[in-house]
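Taken in sequence, the protein lines are chains A, B and C. FYI, in this note's numbering the residues of the first sequence are 1 to 242. FYI, in this note's numbering the residues of the second sequence are 1 to 434. FYI, in this note's numbering the residues of the third sequence are 1 to 406.
Don't read these hints as lab results, they were simulated from the structure. Keep in mind that a hint or two might mislead.
[As the list claims (entries may be wrong)] Capping the alpha-carbon separation at 25 Å, the derived lysine-lysine pairs in BS3-like fashion look like this: (1) B:K65 / C:K186; (2) C:K191 / C:K180; (3) B:K172 / B:K162; (4) B:K114 / B:K162; (5) B:K207 / B:K114; (6) C:K361 / B:K114; (7) B:K221 / C:K160; (8) A:K5 / A:K84; (9) B:K307 / C:K254; (10) B:K349 / A:K84; (11) A:K79 / B:K172; (12) B:K207 / B:K52; (13) B:K65 / C:K254; (14) B:K52 / B:K65.
[Claimed, not checked] Taking beta-carbon pairs under 7 Å as the criterion, some of the chain A residues facing chain B (in silico): (15) L54; (16) E56; (17) R75; (18) S78; (19) R81; (20) N82; (21) F87; (22) N93; (23) I95; (24) D97; (25) V106; (26) P107; (27) Y110.
Backbone N, C-alpha and C fix where the C-beta goes; we use that ideal spot for every residue, glycine too.
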Amino acid sequence: MLHMKDVSKVYRTEMVETHAVRNLTLEVQAGEFVAVTGPSGSGKTTFLNIAGLLEELTGGTYLLDGIDIKQLDDRARSKLRNEKIGFIFQAFNLIPDLNLFDNVDVPLRYRRLTRGERRKRIEGALERVGLASRIRHYPAELSGGQQQRVAIARAIAGSPTLLLADEPTGNLDSAMAREVMQLLEQLNEQGTIVVIVTHDPEIAARAQRNVHVVDGVATDLERAPSLVRPTLAAAATGAQAG
Amino acid sequence: MFAYYLDLARRSFRRNLALTVLMVVAIAFGVGASMTTLTVLHVLAADPIPGKSHQLYRVQLEPRKANGARPGDEPPDQVGYDDGEGLLRAARAERQAWMTGGGTTIQPDRADLKPFVITGRWTSADFFAMFDAPFAAGGAWTAADDAGHARVAVITRTLAEKVFGTTDAVGKSLRVGGAPLRITGVLERWSPQPHFYDLDAGTYGVKEEILVPMTTALELKYSHQGGTNCWGPSPDGNSQAPGAPCVWSQFWVELGSPAKADAYREFLVKYSLEQKAAGRFQRDPAVRLRDVTDWLVYRQVVPSDAKLQTWIALGFLLVCLINTVGLLLTKFLRRSGEIGVRRALGASKRSIFFQLLVEAGTIGVAGGALGLGLAWAGLWAVRHQPTSYAELAQLDLPMLAATFALAVFASLLAGLLPAWRGCQVTPAIQLKSH
Amino acid sequence: MHFLPILASLRRHRTAAALIIIEIALTCAIVCNAVFLISDRLRRMDTTTGLVEDELIRISVTGISEEAPNASAVTLQDLAALRGIPGVKSVASTNMVPLYNSSWNTSVSTVVEDPRPPIESAGIFMGSPDLLETWGMTVVAGRDFTPDEYVDFEAARAQKAHIGSVILTRGAAARLFPGKDPIGQKVYSEKDAQTVVGVIDRIMRPGGLRGTDEDSYSIITPVNIPYTAGTYIVRTDPSRRAEVMAAADAVLLKIDPSRLIDERETFTEMRKDYFKQDRAMAWLLGGVCAALLIVTALGIIGLASFWVQQRTRQIGVRRALGATRGDILRYFQTENFILATLGIVLGMALAYAINLGLMGKYHVGRLPVEYLPIGAVLLWGLGQIAVLGPAMRAASIPPAIATRTV
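So that you can see chain A by itself, here it is in the shape it has in the complex:
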């Protein structure tokens, strides 16, 4: 699903050249739940940006769902981003002067959907995260955890194949963090690939797979078999992971 090979990203200013990511090779298959860990400045956020088509890579190849993103112009990338990827940010990034309905609506607006179709998806997504009753409220009226859940609703309203989360629980207390992680796990069980960038080892432990990024290079970490959770896909093929 997500194939990165020898990807590198270099930031050039007048005086300094920063290699945020170098020779990063990674493959994520359907149904996986991946935690990307690493120290600050390791390049994991850059990796997320590249994976989410938010930034262009300097070198290497990246194939998303079989499509080589290097060929794509801005319009095509935006379309791909809109249809295949859902984002969840540490700072929620809801638009303050839109209510919940309109916030979840934003990505749907950039597709050709009728009013009825959009409404159905929005109500469904908010239902899914348990906030359908507050559909006309504004972000400022919600707690941090609730805001993050709305952000998740926004991310899934378009039925993406890939969810990318950047420290989704970073601004939440432990109770809310648990709620959010449960939600993400449920979504993963239903077939969505989830990739979380985090520096919290507890969060990382809940993931089926860990990728460690140091100095721009990614390495898979060995997982204890008992900690690997079965996925729907694995169950379907009858394979036992564990």
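Dock chains B and C against the given chain A, drawing on the hints supplied.
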């Protein structure tokens, strides 16, 4: 999508009310000032007789003495008695009119109305048909009246109502300059702006209330108003007498096609040569046949102050525009965070560009509406100025549409750079720094 | 002051900075020219006629019927009667007056039948005896006309009488007889020679001011103008003008009731009317200047507020590191000063360019150098006042912002 962008624009305005009001007001002021001056210019430079301005020609000949001639001299604007009467008699154009301005007194036959002074025009009969003068009652006098110095006149509706209390004044008698004249027709309100056929009698706001045959006016010695230019002494000191070396009247002809105009021009040259052979003209022929448009350009009718004011207003609009560009830029960049989120969620640069452009355009519409009000107020102020063209300063439909068009176009233009910069906001960076 | 860091920071925001600089430049250029035009118009409005305007009234009489065989005789009666009105100092009948748009002109030469007269167009004033006294003028050389030098208008026009003497203005005399004494010289404004008997200082010509030497060319001729061809001017005390105008009405109509008093006005009213266009232009220019300055100030406020908001964290950090409120304030004031300076420099060049354009098309003079510092000071001041609000807001940003992460 357009409806969505409009909705987003509306929300954005509410959030940044002060900034939005500022931009709307700036555009409104620039547009209002520009439209006020442009309307005045549009009115002043308007074709006074659309439809016929390329068929009516002003005749100029060179009758002056040889002494004092300079190469490149333009012939005088006006003609004198001999050429006016002569060209009228020759009747070589489809229609021709020999005319000048004048003033006289009216003695109403009423005890309650004292005699008063009015401005008038002394002209030959073709004038009315040539210039499409509209009649409310009756009609013009005939060529026979011209030849016979008939005691007739055409008056305006205003004069008829003032003196007789009704427009039905045809056939009635009026004491004009001491002599009784019979009214053959009453004109509707009609006043070509500018007063192109005799600019020496005034450019704008000239009110001629009575028209009398030229021959009659000369015979009755009605006073002349306008320019007189003599290059020698006149017999008995009368510059309007036959043989006087003076020009004081205007000669207009109607010619239906450029070919006919060329033919008439040739006739004028032949006429000049004949006059030279007869000893009256002393210089080589120098004839001019300018149609109404050329004539107005030649006489530089539009006051330079009106042009200067328009330039100033446009300069003001330019500053307002640049101001708007700057304010729009700050407005959009302030929202980098939101733009970044939208981009991450799948909005292409083009979508963001159009979204921001629509926002700029709606400011333009609002600015245009307010600017229209300001232009209306500005023109009201102009109408209360004591200038001759004051009452012409009205907003007509084309100018009204132009106001909106200008505002929207200006704001879209101003919005191009900010919208472009706004859509360049890269998603990744903005998401990092809250 | 830290100019270089400020310049470097401006480079990073060069689009917005460029916009403000251009806006200041345009405003500076337009305001400089507008103020110059205003002063030009005000100067025109100050043009003196040479007459004692606040003492003069003009009265124009017209006959109801065109026949007026005794016009000259009646005119003499009119003048005598007008002189008899209490409060009247002097009366004359004349063909034209300054501050009026109708004018009589003639060419003047020093040789007969001159194909190239030195004066193509001079104003020709005709008047009854007492004309100079009514104007409130005296000759600066030579003498006024003597009673026997006056001729009747009709006779002069019909070439039956000859205007033998003329008075010139200083300008006309200098043009015709440069360096010489004009008194006694011969001039030709018609076929026969005329002798210059006197010179007056100056008189404003009727019609439009051309702004050239031609404005100073006029000749005065001793001609009795009847009321049918000219107008009466009456000199009286400024406070008695209304009273005299009313009395004049009655007096004139008593002499010949078959007449109309066509126009009556004081020269003060005539001056106001004559310069109405210039006055309107001056007001318009003033309004535009004010509006421009306001719009530019608001633009500066808008941009400065944005930059303050953008750099909130940076400012907090500076304060945490020891900068005082005054330091922050001065930072923004310096930044604004730099932008304004760049704008003003560009604006000066633009002002001259605009001036050249106007000179070509609209007969204005060259922009005097003194206007540039005025424009500069105005815009520096405007910028500093405009930036004060946002700068003070910046100065009050608490240092604690530096440690906040959200």
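Comparing the hints with the structure gives:
1. B:K65 / C:K186: With Cα atoms ~24 Å apart, K65 of chain B and K186 of chain C stay inside 25 Å; holds.
2. C:K191 / C:K180: OK: K191 of chain C and K180 of chain C at ~23 Å, within 25 Å.
3. B:K172 / B:K162: Holds, at roughly 14 Å.
4. B:K114 / B:K162: holds (11 Å)
5. B:K207 / B:K114: holds (20 Å)
6. C:K361 / B:K114: Violated, at roughly 48 Å.
7. B:K221 / C:K160: holds (21 Å)
8. A:K5 / A:K84: holds (20 Å)
9. B:K307 / C:K254: violated (50 Å)
10. B:K349 / A:K84: With a Cα-Cα distance of about 18 Å, the restraint between K349 of chain B and K84 of chain A holds, given a limit of 25 Å.
11. A:K79 / B:K172: violated (85 Å)
12. B:K207 / B:K52: Given that 25 Å is the threshold and the Cα spacing comes to 21 Å, the pair holds.
13. B:K65 / C:K254: violated (47 Å)
14. B:K52 / B:K65: violated (35 Å)
15. L54: holds (4 Å)
16. E56: violated (9 Å)
17. R75: This interface hint holds because 5 Å falls under the 7 Å limit.
18. S78: Interface hint status for S78 of chain A: holds (4 Å vs cutoff 7 Å).
19. R81: Holds, about 5 Å.
20. N82: holds (2 Å)
21. F87: For F87 of chain A, the interface hint holds, since the closest Cβ of chain B sits about 5 Å away, which is under 7 Å.
22. N93: With a closest approach of 5 Å, the N93 of chain A hint holds.
23. I95: holds (5 Å)
24. D97: At about 5 Å, which falls below the 7 Å cut-off, the nearest Cβ of chain B leaves the hint on D97 of chain A intact, so it holds.
25. V106: holds (5 Å)
26. P107: holds (4 Å)
27. Y110: Check passed: Cβ of Y110 of chain A comes within 5 Å of chain B, closer than 7 Å.
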